[in-house]
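Here is how the chains run, residue by residue.
There are 4 protein chains.
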Amino acid sequence: MSWNTFGRTLRFTTWGESHGPAIGAVVDGCPPGLALAEEDIQPFLDARKPGQNKFTTQRKEPDAVRILSGVFEGTTTGTPISLLIENTDQRSKDYSEIANTYRPGHADYAYDAKYGLRDYLGGGRSSARETAMRVAAGAVARLVIPEVSILAYVAEIGGDAVDPANFDADEIARNPFWCPDAAAAKRWEALVDEARKAGSSLGAVVECVATGVPAGWGAPIYAKLDSDLAAGMMSINAVKGVEIGDGFGAARLTGEQNADPMQPGNDGPRFAANHAGGIAGGISTGQPVTCRVAFKPTSSILTPVDSITRGGEATEVRTKGRHDPCVGIRGTPVVEAMMALVLADHKLLHRAQCG
Amino acid sequence: MSWNTFGRTLRFTTWGESHGPAIGAVVDGCPPGLALAEEDIQPFLDARKPGQNKFTTQRKEPDAVRILSGVFEGTTTGTPISLLIENTDQRSKDYSEIANTYRPGHADYAYDAKYGLRDYLGGGRSSARETAMRVAAGAVARLVIPEVSILAYVAEIGGDAVDPANFDADEIARNPFWCPDAAAAKRWEALVDEARKAGSSLGAVVECVATGVPAGWGAPIYAKLDSDLAAGMMSINAVKGVEIGDGFGAARLTGEQNADPMQPGNDGPRFAANHAGGIAGGISTGQPVTCRVAFKPTSSILTPVDSITRGGEATEVRTKGRHDPCVGIRGTPVVEAMMALVLADHKLLHRAQCG
Amino acid sequence: MSWNTFGRTLRFTTWGESHGPAIGAVVDGCPPGLALAEEDIQPFLDARKPGQNKFTTQRKEPDAVRILSGVFEGTTTGTPISLLIENTDQRSKDYSEIANTYRPGHADYAYDAKYGLRDYLGGGRSSARETAMRVAAGAVARLVIPEVSILAYVAEIGGDAVDPANFDADEIARNPFWCPDAAAAKRWEALVDEARKAGSSLGAVVECVATGVPAGWGAPIYAKLDSDLAAGMMSINAVKGVEIGDGFGAARLTGEQNADPMQPGNDGPRFAANHAGGIAGGISTGQPVTCRVAFKPTSSILTPVDSITRGGEATEVRTKGRHDPCVGIRGTPVVEAMMALVLADHKLLHRAQCG
Amino acid sequence: MSWNTFGRTLRFTTWGESHGPAIGAVVDGCPPGLALAEEDIQPFLDARKPGQNKFTTQRKEPDAVRILSGVFEGTTTGTPISLLIENTDQRSKDYSEIANTYRPGHADYAYDAKYGLRDYLGGGRSSARETAMRVAAGAVARLVIPEVSILAYVAEIGGDAVDPANFDADEIARNPFWCPDAAAAKRWEALVDEARKAGSSLGAVVECVATGVPAGWGAPIYAKLDSDLAAGMMSINAVKGVEIGDGFGAARLTGEQNADPMQPGNDGPRFAANHAGGIAGGISTGQPVTCRVAFKPTSSILTPVDSITRGGEATEVRTKGRHDPCVGIRGTPVVEAMMALVLADHKLLHRAQCG
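From first to last, the protein sequence lines stand for chains A, B, C and D. With this note's numbering applied, the first sequence corresponds to residues 1 to 355, in that order. With this note's numbering applied, the second sequence corresponds to residues 1 to 355, in that order. With this note's numbering applied, the third sequence corresponds to residues 1 to 355, in that order. With this note's numbering applied, the fourth sequence corresponds to residues 1 to 355, in that order.
Calculated from the structure, these hints are not laboratory results. Note that beta-carbon positions come from the ideal geometry of N, C-alpha and C, so glycine has one too. Be aware that one or more of the hints could be misleading.
Stated by the list, open to error - Per label pair, the in silico range of CB-to-CB distance:
1) A:ASP168 <-> B:GLU194: 34 to 44 Å
2) D:PRO146 <-> B:THR211: 38 to 48 Å
3) B:GLN52 <-> D:ALA64: 34 to 44 Å
4) D:LYS60 <-> B:ARG66: 45 to 55 Å
5) D:GLY74 <-> C:ALA161: 32 to 42 Å
6) D:ALA165 <-> C:LEU302: 29 to 39 Å
7) C:ASP168 <-> D:ALA64: 35 to 45 Å
8) A:ASP89 <-> D:PRO146: 35 to 45 Å
9) C:GLY312 <-> A:PRO164: 58 to 68 Å
10) A:ASP40 <-> B:ASP168: 52 to 62 Å
11) D:ALA190 <-> B:PRO62: 51 to 61 Å
12) C:LYS60 <-> A:ASP89: 54 to 64 Å
13) C:ALA161 <-> D:ALA161: 35 to 45 Å
Stated by the list, open to error - Residues from chain D that face chain A, not an exhaustive set, calculated with beta carbons under 8 Å:
14) PRO31
15) LEU34
16) ALA35
Said to hold, decoys possible - Derived coverage of chain D by chain C (criterion: at least 3 residues anywhere in the stretch with Cβ under 8 Å from a Cβ of chain C; other residues may be distant):
17) 136–150
18) 154–167
19) 178–191
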């Protein structure tokens, strides 16, 4: 894996900055013969795109994707698929004030320390805008794994969690929070709106479940399915934690409590529980693959925070650009995309070795 | 990265099964000119090795490492360093009963589903015995990053956490739990002993802190320092969750609470907090790099658990082999090793691009 | 390395088909802080571009490159550099006759056997048009190795070789053949023109010399400098052979004849000969790095050749599209680019391990 | 691919020095379920091993291989296969004189320039002894491609070529030169013996043919089958040139002469010629895959050659250790092994993408 490339067999490379002319991805290793058109990708981008309601950033980007290669007469050819989205709503003036200042909590200082320069326009390469290309690449990955269904949703915002008893998958697309619990969605509306008005921000936890993954995907030791999921999820902007199955909760259980007993089933074993999140020894067990992803509150807030200039002098930063009060919301389609990308990669990887 | 290889620039490949003649690692890409002898590696293996007290498995392995290549007259040459440990205490009879049965919670079923065969001796390749080679490789990695100090410790066993107010780094090596809190160590003695006697097992949380990491290590987007740490930690046996900095806790904070304000310092900024765990945008900030790792309770318990045979028939499994009542304890030196391996890799990776 | 990616540290990925909307490359791992603009790349593309004289294909492509990312205010940022060239002169009708037929000697049959489909427009991904992106990426690579000068030229066309006694580097750019021997250029004019008029084609040998490469680049065993050069050159369309230094000639020498004696020099040894082509044990010696590359005659000829249809029936193929009578000529800037890409990659790779 | 690792899907990593305690390889990605024992590997090592007759080095090494992992009850498990050979006949005193001197033509100076040190014992890592592990790994690779037959032979020694009219595959194993032409073998006996007695050395050309390769292996653009073959062959010690099919000869043909006409066949096309060496556009065509590899004469000769000391002073070097008068001879099984390794890798790679 290279620096801007993810995957082992189905690999994608992303490029582009927040305020450059365009962003893009190259998906390499996609099997030939799959029907693929821009319409297969666009709905996933639409689900992620900004400016759709008052709970997300007001940057308006149509995020219209173009396929520039790898498809001939509507079918993938096995050659690299180049995807491109033009940036259209770059308000660069929003950023002029911070050209010489580091925004605390953002990557500004770290990038400068590494590269010796400061692309101050919207965070440059460190902007979450990059995740649009993961969503686009993820739409291609989904075609590789038609046997798998993936569902991500927000399980918690600002510490307020959904009630599992209220879980309703159909509810998820009905509210602006990807929330599976109608009651929680109601509460979050007030919660997020309050944060938005205050120029504050909130963290969130996103859960993702993939059903239909057959037993046998994942490759020990250093291409374990859970290891690759952890890498993929942790690489999403603002993510600070990843759990597989019960995650940190498992650390509080005994071996008896954490057991996933197996019973004879029709097609492989029937499991009496899924504490493991569908992965044992790095390999899928045939149970649903589950993970939880923690998003921090975005560091872009109106309250002034102590910072320093590039020259090392004390200053204060208030973030005035357009930002999400809760980045975890728009992170949800990205989590789904990363799940698809990791699973599709492992399907092909498994096929390579095990036929 | 290949299946049994980890790292981008400083890469290591491990091989070997729990009950084969030996296990080993090949460390490739190590800079030349470093003083290296077996005595530099052995203490780290001794810290991890089994059978040292009643709180870990009673398998007796001297885990004596041999360096077979890559060192000439006491100095690394820049060529691959081959490390080998012979297995000496394989009691294969302990496993004969499960040759035809899957141990629930172990990788048995998943491996069989993937590879179509069953190496029933101690879990074969899925055994945590493999982690000895990470510890050995990690000892080499430490030589590459003399500027960094790494400290891992157990922060929680069975839900009983250390009290930060009692934190004493010197205490860690004084008790069999790598516990930095003398009072907690005392409590854990009873807790773990009780689990051991009951043939039960306990989960644990391990924390790891690396100080001395300069700002600038880590490479966005898909070689982020936190992404590679997540992959490395999640690949350790029994690990189910990884957090960087405040991790899931950050998801419950507001942007104001989660801010890491910067003030002018002597050598880079002085940070007023470290919620981010020393990493922003995937790149180190110069603060301590911190992570937390959740270990599940081992699935090897004396209580019978429902399972199935290879033929698909119902059965029960009780684990009678020698096992750790709390694998997180022996996982602590492994977490430290993975931190060293990821940081050393990124030091070299940074040097490649940024000179 | 992935399928459409080349390089270890400085990696580039190309995408695009002969008759798609565009072709492109993503260069990843480029050091930050280098001045880079489209004008730094365009001259190299102009040197390769088709339609410049009667000795190359008459396809007219301006091959105007755009930089879409990785450069901020005229300077590389260390993030991926996306390069894009639009295709403008696709005469797809030229190919309609062969939609159902395999052109002998071309990749048509092999691609169909592999992927199960037939992108018949100009060879699709197998077209030499892809090499434009290597030239563009190579222009970036040159900025990474300012200490190195690279010179490629045609040494032989249709078996007619230049006379080393006539070698004049200044002559190379003065004729349409990149020929360093004015007398040979004169002869080739007649030779190539005759082939062109007859609808025939000629093979060629290209030589490439890189001076200024310091001793120490290249990494044994499987990242040897000569091994990577061989891979890079052999991946160019129509290339069938690669030699380093004396190449096959060395197989006819004795050890005494092939010796490269060393004498004391001012800055490293002074070598009395360079049979080795500047590489020993896969590592540069400080001498000029030299290689020779054999291009076959293009398979696109007017003489009918036996072939089969996709359905397996006998047919004949005459190639009527626009083609080069001697692809080695336009391959010369591509050889130069690959040399630059391999050397730049190895400079960074060396820096990673050896500081 | 890492520095000491070759392959994309079926990868092998070698380690070890000429005069260290052992050499080894780790083969990763091998499919499970293949019968594998040491007896499957040993014959190939015996074919390469030194000291078998007066035409090869007199170093006596039994080269007995041990399998340390990856095989359970006689069957590959899909986990890494560790192969180890102990070094037994290291006469280190032969080398004491050159501890401070560079042998011209060897990698001595280049390694020192790169790594800043001098492993003078038999060339250390740069010794052709490493190729034993490729032969061992190649024996495993052969099991992955039972449909393919590979035959390598020496086609030319010191400029004296075999006569194609005399080609007899059965003859190859009957003489010490892997020569398919009994008359040439006779001539070479005198030729090589003369070189041996004079302390001189001779170059050679090895040819290799793989039959049974189906159409469709190889992956454009940068994982072309010919590109990977070129990399693999060029990485063998003393190799200076690689040709696929007609190679440099193709550069002297016209398009008409170089055509490989296709006619209807029973199972894919029937080709009327194979100038292309079984590869078009980087993908196998179903024809035999052929390549030619040029070995230089070894630089170890008794005639004194000018050189310098590590301190930069003038000196002379005569090589007194045990050496091959024609390294191409023992290179023949290595060429065969590399062909097997590349083809097996590509079989799995093809399966990943194209099912």
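Hint by hint, here is what the structure shows:
| no. | hint | result |
| --- | --- | --- |
| 1 | A:ASP168 <-> B:GLU194: 34 to 44 Å | holds (42 Å) |
| 2 | D:PRO146 <-> B:THR211: 38 to 48 Å | violated (55 Å) |
| 3 | B:GLN52 <-> D:ALA64: 34 to 44 Å | holds (36 Å) |
| 4 | D:LYS60 <-> B:ARG66: 45 to 55 Å | violated (24 Å) |
| 5 | D:GLY74 <-> C:ALA161: 32 to 42 Å | violated (57 Å) |
| 6 | D:ALA165 <-> C:LEU302: 29 to 39 Å | holds (35 Å) |
| 7 | C:ASP168 <-> D:ALA64: 35 to 45 Å | violated (59 Å) |
| 8 | A:ASP89 <-> D:PRO146: 35 to 45 Å | violated (59 Å) |
| 9 | C:GLY312 <-> A:PRO164: 58 to 68 Å | holds (60 Å) |
| 10 | A:ASP40 <-> B:ASP168: 52 to 62 Å | holds (58 Å) |
| 11 | D:ALA190 <-> B:PRO62: 51 to 61 Å | holds (57 Å) |
| 12 | C:LYS60 <-> A:ASP89: 54 to 64 Å | violated (36 Å) |
| 13 | C:ALA161 <-> D:ALA161: 35 to 45 Å | violated (21 Å) |
| 14 | PRO31 | holds (6 Å) |
| 15 | LEU34 | violated (11 Å) |
| 16 | ALA35 | violated (16 Å) |
| 17 | 136–150 | violated (count 0) |
| 18 | 154–167 | holds (count 3) |
| 19 | 178–191 | violated (count 0) |
Checked against the numbered hints given earlier, this structure breaks hints 2, 4, 5, 7, 8, 12, 13, 15, 16, 17 and 19; the rest are met.
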